[in-house]
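Start from the sequences and build out the full structure, keeping to the hints where you can.
Chains as they are written, first to last, in this note's numbering: chain A, 668 to 1089; chain B, 101 to 278.
Among the clues, some could well be false.
[Said to hold, decoys possible] With a straight-line cut-off of 30 Å between C-alpha atoms, the simulated DSS-like cross-links for lysine-lysine are:
no. : chain 1 : residue 1 : chain 2 : residue 2
1   : B       : 130       : B       : 194
2   : A       : 801       : A       : 772
3   : A       : 772       : A       : 788
4   : A       : 875       : A       : 801
5   : A       : 815       : B       : 130
6   : B       : 130       : A       : 875
[To be verified] Computed footprint of chain A on chain B; a stretch qualifies when at least three of its residues, placed anywhere within it, have a C-beta under 8 Å from a C-beta of chain A:
no. : region
7   : 127 to 141
8   : 155 to 166
9   : 172 to 179
Since the hints were made in silico from the structure, they are not lab data.
Note that the coordinates shown come from a computational prediction; the quantities given were computed from them, not determined experimentally.
Glycine included, C-beta positions come from ideal geometry on N, C-alpha and C.
The lines below spell out each chain.
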Amino acid sequence: MASYTESFRFGEFVGSVLWLIFWVVIIFSMVGLPLLFVVLFYVPLPPMGDEVLTPYLFLTMVVDPTRTVPIIKYMIHTDLFRVTAFPGFTYAALLAAVTIYFERKFLAKMQLRIGPLYVGKIEGWLQLMADGLKLISKEIIVPSGADKPIFWAAPIAFVATAAATTALIPVAPGWVVADIDVGMIAVFAIFGFFPLIALLFSWASNSKYPFIGGLRALHQIIAFEIPFIISALSVVILAGSLNLTDITNSQINSYWFVFFLPISAFVFYISSLAELERIPFDLPEAESEIVAGWITETSGMIYGLIQLGTYLKLYALAALFVVFFLGGWSGPVIFPAEIMPGYTGEKIYNPVTLSAAFWFTIKTFGMIVLLLLPRGISPRIRIDILLHTGWYKLIVLAFINMFIALALIYGGILGPGGLLVR
Amino acid sequence: MTGVLHMVDPVFVGLAVMTIGSAIIALETKELIYGAIGLAISMMGIAGFFLLLDAPFVAMFQIAVYVGAVAVLIIFTVMLVRTQALFTTKEDRKRKGAGIALLLFIMGGAGAVLLSSSLNMQNSFTAPPVDFMAIGQEMLTYYAPVLIVLGLTLAGSVIAALALARREDVEQQNDRTN
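What follows is the structure, given as C-alpha cells:
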C-alpha cells in the first residue's frame, strides 16, 4: 500500500494549493490583463467571416456569449477545424478512446470477467484517463546501446502516419480533410509506412525480442498487403473511381457493395486483422513467446503513442471497410429540419450532415466491434499458417471476387447505365 | 503565371533540398541504416516532385513501391549484413575530387542537352494534355501484340522465380534429413 512521506501535513498541502492560486491571480491581473488589452487595441485582429473582430465586439462577446455565434459559424467551416476537430484528429482520437474502454469491458464480459470497475464509480469509465495519467508520469527508459534518434522518432512517426490515414476518410458529404482523386492508392501508400516504422523501431531498440517481433511484423504486413489491395480493387472496378467520396456516392446510387463483393469484404476484414497485428494475427506482439514483440522496450509515453497510433489505425481500417463495402455515410435523415421551432440554425446545424455523420459513426463502431471480437474467442495462429493463408488463399479469393465484379460490369448489371443503378 | 511560380517556388526549393540532401546523406554516411533511411526520404522527395507536376497517381505509386517496398527491402538487408566487412578501402582526396568533377560534367552535359532541346520552348507547356483514354485504346488495339508479349514475359519470370524458390526449399529439406 502506498504511504505518505513522514513530514506530510494536510494543512500544508491545502496551503500550497492556495499559494499557487494566489500567484496565478496576481500574475494574471498584473501581466495577463494588460497584455490582453495591448493585443486587442494595438494588433490588428483578423476578420472572422462577415464581421471584423474589433476590441469592442470582443468585449461584448465576453458579456453576451450569443454574439460569438457568427464566429463559430465561420470557424467550423475552416480547414483548421477539419484537420483538428471533426473529420480529422479529435473525432478519430475520441472514437479510439471509446474503443479502448469498450474493448476492455467487452472482452471482460465475453470471458466472464469484470474488467475496469473502480475509477469513475460507474463501470470504471474513467479508467482510460487514469491510464493516460500513469503513462505520462512514467519515466521513459531508453535501452543502452539503442539508436537514440530512431528510437525517439519512430513512435511519433507511427502516430503521424496513422493520423494521416484518417485525413483521407470522408465522414459526411463534403466533410473530408483531403478529397483527392487517388484516395484509395494514397491510403495504401500511407499504410506502406507501417512495416518500415516497426522494423526501424525494433532495430533501434537494440534487443533481440523486439527485433524478432519487427521481422515478424514485416513479413506479416507485406504478405497481407497484396490481398488487401486486390480486395479493394474490385470495389474500384464497381465504382469506377479511386476517389473515396465517389466510391460512397456510387453505393448510394446503387446498393452496398458488400452484397456484390462478399468475398472481397471477407478478405479485406481478415487482412485488416493482420495489418493491425490483432489476435489471431498478433505474432509481432506475441506476449507468451517474445515478451511484447517489437514494443518490448517501450515505456511511458512512447508506449502510449504507439497504442494511440494502433487504435487510430483500427479506426481508419474500420472506416475504410465502411466506405468500401457498407455504403459510407448512407442512411435515412433522422434529425429534424429545425434545431428548435422557428430556428433552422443555418451553417451550424445541418440535419443531412448530422445524420450522415451519425450513420457513419454507428457503422464504423460496429466494424470496430467486429475487429475486436476475435480477440475474445480465438488463439494465436502459427507463422507458417499465417503466411500460407496470406499468399496462397486470400489472394486467390480476392481474385475470384474481382472476376465477379468484372462480370457484373460487362453484364450490364452495375456500372454506367446498369440495371441496379438508381 | 508569375503568381503560380511565386506560390510553387519555396515548395520546389524545399523539396529539392530534401531530395538532394538526403541523397548525399545516403551516399556519405558511415551508418548504413541512416544511408537507407536517407534513400527513403530522397524517394519521398521525388514523389513530392510528381505531386508538383500534377501527377498524383505516379506520386502515390512512387511512395507505395519505392518507400513501401524497395526501401524496406534495403533496410531489411542492411540490418542483416555486417557493416565492418564492407568498408575496407579508404577514400582519398583525389578520388573524391574526380567524382565531383565527373558529376559536374555529366550534369552540365545533361543540362546543355535539355536547354537546346524543344523542351525549353515556351509552347511545350501549352500543348494539349495527354488523353489517357486514347492511350488505353491504343494499348488494347494497335499495340495489343506488344502488350501480350509483355504479359507473357512477366508471367514467365514470375513462374521462374517461383520455381527457383521451390527448388531451394527442397534442398533445405534434404539438408535437414542428412
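Okay, the hints, checked on the actual structure:
no.: 1; hint: B/130 <-> B/194; result: holds, 20 Å
no.: 2; hint: A/801 <-> A/772; result: holds, 20 Å
no.: 3; hint: A/772 <-> A/788; result: holds, 14 Å
no.: 4; hint: A/875 <-> A/801; result: holds, 27 Å
no.: 5; hint: A/815 <-> B/130; result: holds, 16 Å
no.: 6; hint: B/130 <-> A/875; result: holds, 24 Å
no.: 7; hint: 127 to 141; result: holds (count 3)
no.: 8; hint: 155 to 166; result: holds (count 6)
no.: 9; hint: 172 to 179; result: holds (count 4)
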